[in-house]
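Asker: One-letter residues, chain by chain:
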Amino acid sequence: MTWTEKYRPNYYEDIKGQDEAVKKIKEFIINFKSGKKALMLHGPPGTGKTTLAHVTARESESEIFELNASDLRNKNKLQEILKPAIEQKSLLQQGKIILVDEVDGISAVDRGGLGELLSLIDSSEYPVIITANDIWNKKLNPLRKKAELVQLKEISYNLVKDMMIHILRKEKLFIDNEILTKIAINAKGDLRAAINDLQTISRTEHPSLIGLDERNKETDIFNALKLVFKGKPTKETLNVFNSVNMNMDELILWVEENIPSEYQGEELAKAYDALSKVDVFKGRIYKQQYWRFLVYENILLSYGISASKKDIKTGFTSYKKPTRILKIWLNNQRTAKKKSISQKYARYVHVGHKRAMNEFPIIRNILKNPDIRQELRLTEEEIAYLDKPLT
Amino acid sequence: MVSGIWTEKYRPTKFSDIVGQEDIIKRVESLTNSLNIPHLMFAGPAGTGKSTLALVVVKQLYGENWRDNYLELNASDERGINIVREKVKNFARTKSIGNVPFKVIFLDEADALTPEAQQALRRTMENYSSTCRFILSCNYSSKIIDPIQSRCAIFRFKLLEKKDIEKVVQRIAINENLTISPESAEILYEGSEGDCRKAINILQSTAAISPTITSELISTIISSAKPKDIKIVLDYALSGDFQKSREKLLDVMLKESISGQEVIKAIQKEIWNLPVEPEIKVKLTEKTGEAEFRMVEGSDPFIQLQALLASFVLAGLGK
Chain A
212 MTWTEKYRPN YYEDIKGQDE AVKKIKEFII NFKSGKKALM LHGPPGTGKT
262 TLAHVTARES ESEIFELNAS DLRNKNKLQE ILKPAIEQKS LLQQGKIILV
312 DEVDGISAVD RGGLGELLSL IDSSEYPVII TANDIWNKKL NPLRKKAELV
362 QLKEISYNLV KDMMIHILRK EKLFIDNEIL TKIAINAKGD LRAAINDLQT
412 ISRTEHPSLI GLDERNKETD IFNALKLVFK GKPTKETLNV FNSVNMNMDE
462 LILWVEENIP SEYQGEELAK AYDALSKVDV FKGRIYKQQY WRFLVYENIL
512 LSYGISASKK DIKTGFTSYK KPTRILKIWL NNQRTAKKKS ISQKYARYVH
562 VGHKRAMNEF PIIRNILKNP DIRQELRLTE EEIAYLDKPL T
Chain B
298 MVSGIWTEKY RPTKFSDIVG QEDIIKRVES LTNSLNIPHL MFAGPAGTGK
348 STLALVVVKQ LYGENWRDNY LELNASDERG INIVREKVKN FARTKSIGNV
398 PFKVIFLDEA DALTPEAQQA LRRTMENYSS TCRFILSCNY SSKIIDPIQS
448 RCAIFRFKLL EKKDIEKVVQ RIAINENLTI SPESAEILYE GSEGDCRKAI
498 NILQSTAAIS PTITSELIST IISSAKPKDI KIVLDYALSG DFQKSREKLL
548 DVMLKESISG QEVIKAIQKE IWNLPVEPEI KVKLTEKTGE AEFRMVEGSD
598 PFIQLQALLA SFVLAGLGK
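Protein chains in written order, with the numbering used here: chain A, 212 to 602; chain B, 298 to 616.
Incorrect hints may appear among the rest.
[Stated by the list, open to error] For lysine-lysine, the following BS3-like pairs were computed, each having C-alpha atoms within a straight-line distance of at most 25 Å:
no.: 1; chain 1: A; residue 1: 248; chain 2: B; residue 2: 464
no.: 2; chain 1: B; residue 1: 528; chain 2: B; residue 2: 616
no.: 3; chain 1: B; residue 1: 562; chain 2: A; residue 2: 550
no.: 4; chain 1: A; residue 1: 555; chain 2: B; residue 2: 552
no.: 5; chain 1: B; residue 1: 528; chain 2: A; residue 2: 538
no.: 6; chain 1: B; residue 1: 580; chain 2: A; residue 2: 488
no.: 7; chain 1: B; residue 1: 552; chain 2: B; residue 2: 578
no.: 8; chain 1: A; residue 1: 350; chain 2: A; residue 2: 248
Keep in mind that the hints were calculated from the coordinates and are not lab data.
Please read all numbers here as calculations on a predicted model, not as lab measurements.
Bound-form chain A, shown alone:
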């Protein structure tokens, strides 16, 4: 049995770090009437969307009917599945919940399945729960209007680590703290990934960090980068990123990280100039919602970067994974206290908390005063942070 199954929560109280979502789903079930909106659980992978749906079914003593992609496309099959759900109503007093899992991963949504789902929501006698990773996906627009959105947050680094320690205790195993830290960082809020990694590592004789970084689409991006950085810019260059299963923002980060490992001097400046223009177009898309600018983003990011060099390049370059996001994330973990103090202070003195963060070195001195600490209701941890000598 995989640990992700074995340690899957059964009751609301077992679900950690999603208090807000749990509260909302409870209310949803209590207040449900036929014809009401569906509930859409959304959030990154491994944050407990499906688990929460199943726990809800258990807690409300309901039977769960799970639908997937192909069910939605096939009208007859859909009815066949839902038939028992609808017909047995009078026989058993038990409630029912209809779960449509991972709706945004469904290509059937494009082919009429969405219509079925919408009419199901309208006609269902039972609560419909939908899960999705990315609700801002355009094709889900009509669905968003018919659903109450409940967000599941990324699981915090600390909680991921606590869960792993909890599991290890139950399994009577020991793994180095350093490795646990690494797994927790790597997971980036995905608890399922962390537990899977933990189980894998625990099986090896001498647990080490080797092999932990592998979960992704690295070969594709490596090849694409090689073509852009080393090859001659041609029409094909325009399409190199098509075969990589990443969105534009991720691609930009990969290019950003690796420009200096290929280009120096003038080439470096030219390539960054192209990348900077990519970002300008990205900003314009964001501010004006004018999506056609994507064309320019793509051309500059592929052909533009490629044409920044004088000659084609040979030899092997080992491209690096983007590190910036991870560094920002790690920093946020470290400065969580600074942030919470700044927020309390900012609210109190009528400024934005970003400004308070920025002026923290000055504010810090002011917060030495015990009366002020009390006035702001700082917690013991926050006070300990302030008393810690600066490094």
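Dock chain B against the given chain A, drawing on the hints supplied.
Answerer: Just chain B now, kept in the frame of chain A:
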């Protein structure tokens, strides 16, 4: 209870206590007294009295009950326009208490909202205009969409003058038994950059160390809040080590929670201390300006900063 934080303790509570911005105060005061205020927009740099004036207005309107009739939101802190709308909705649902027929919503840093979000805000302003008055504050009114500007009376706040800041500093110094020399006061004003809140914070921060405010002490405090190590970042770039340069830059930005714009500001000042030819200083300044321009247009300041560092690498090669 009197706050221990001086920016609160010494925040003016009456129109007559506010320093500077005389014209604005007069106009807003007469609007307030007539109980007939339109939506207001306060535009201007930080620490020039925008929030303070908003607070004075509501204290004047509602007296003791001001807290029940006043909602303060910060656009850059709230996560998205929907949260703003939700809070406004809840607040505006009930009627104002007392004889003023409306409540007041203060939305700070309104220019942090995207144009799209501002459209949504405009609708909200319209929906609740019978029960609520909005006071929007922003640094740049040009970042506020026209339909909102046209619905507000706009007031442009100027940077506080030296005499204004000194007046505030002197008042606090007397009250708190501080000794502050004219020289220190001068440095304090320079460090505040015309931002009164910052001046008071620097003063209290320094006083937390010693009640005798020496110019040395005050300089230390001021520089503690300035982006440090920008020189090191630029030195790496000039010597051709781009990787180290950007690594250091990210470090500095994260550790000191400073924005891209502040880094640009620091770089622009640092150019004059660099060991490069005058001609190259001009070129670098222009590049810096271009980077700042693109930062405003773009979405990811760190990419613009890297592009700028690449120009410094070129400058190091004499190009």
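Asker: Output the numbers, in ascending order, of every earlier hint that fails for this structure.
Answerer: 1, 7
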